[in-house]
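Quick note: the sequence shown uses the numbering used here, first residue 1, plus one each step.
FYI, nobody ran anything at the bench for these hints, they're computed from the structure. Where hints are given, some of them may not hold.
To be verified - Quick list of in silico lysine to any residue cross-link-like pairs, SDA-like style, CA-CA up to 25 Å:
1. K43 - R58
2. K78 - W60
3. K43 - G63
4. K43 - G66
5. K6 - S24
6. K43 - E62
7. K6 - Q44
8. K6 - D37
9. K78 - A50
10. K92 - W60
11. K43 - Y28
12. K78 - R91
13. K43 - V4
14. K92 - H73
15. K6 - W60
16. K78 - A90
17. K92 - G66
18. K78 - R46
19. K78 - G66
20. K6 - I19
21. K43 - A22
22. K43 - D65
23. K78 - Q44
24. K6 - R20
25. K6 - L56
26. K92 - G81
27. K6 - R46
28. K43 - K78
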Amino acid sequence: MAAVEKLSIALTPELTADIRQAVSTGEYASTSEVIRDALRAWKQVRQSRAAAVEGLRRLWVEGVDGNEDAALHAEDIKQRGRARLATLEARKA
Numbered sequence: 001m002a003a004v005e006k007l008s009i010a011l012t013p014e015l016t017a018d019i020r021q022a023v024s025t026g027e028y029a030s031t032s033e034v035i036r037d038a039l040r041a042w043k044q045v046r047q048s049r050a051a052a053v054e055g056l057r058r059l060w061v062e063g064v065d066g067n068e069d070a071a072l073h074a075e076d077i078k079q080r081g082r083a084r085l086a087t088l089e090a091r092k093a
């Protein structure tokens, strides 16, 4: 088993009550087990986000590399957005 390091954390009363309830109902054996489970879930979320960001970066690079006039497209998108905004503002006036 890996070495264990003891940490001290501060939790809101609501989180503390939730943790204690999970232990008292038998869902978890200890408060430490609740925290470890929460941290495992947090780690999985972080890994999923990192993978998603990397995928977006890869798609961005592919899009930029595959489209030499990407700057022209971006400028077109900006112009259309500005025109739409002007139309909406004109309706409000």
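Hints, one by one, checked against the model:
| no. | hint | result |
| --- | --- | --- |
| 1 | K43 - R58 | holds, 23 Å |
| 2 | K78 - W60 | holds, 18 Å |
| 3 | K43 - G63 | violated, 30 Å |
| 4 | K43 - G66 | violated, 34 Å |
| 5 | K6 - S24 | holds, 22 Å |
| 6 | K43 - E62 | violated, 29 Å |
| 7 | K6 - Q44 | holds, 22 Å |
| 8 | K6 - D37 | holds, 16 Å |
| 9 | K78 - A50 | violated, 29 Å |
| 10 | K92 - W60 | violated, 36 Å |
| 11 | K43 - Y28 | holds, 19 Å |
| 12 | K78 - R91 | holds, 20 Å |
| 13 | K43 - V4 | holds, 17 Å |
| 14 | K92 - H73 | violated, 29 Å |
| 15 | K6 - W60 | violated, 42 Å |
| 16 | K78 - A90 | holds, 18 Å |
| 17 | K92 - G66 | violated, 41 Å |
| 18 | K78 - R46 | violated, 33 Å |
| 19 | K78 - G66 | holds, 21 Å |
| 20 | K6 - I19 | holds, 18 Å |
| 21 | K43 - A22 | holds, 21 Å |
| 22 | K43 - D65 | violated, 33 Å |
| 23 | K78 - Q44 | violated, 37 Å |
| 24 | K6 - R20 | holds, 19 Å |
| 25 | K6 - L56 | violated, 37 Å |
| 26 | K92 - G81 | holds, 17 Å |
| 27 | K6 - R46 | holds, 22 Å |
| 28 | K43 - K78 | violated, 38 Å |
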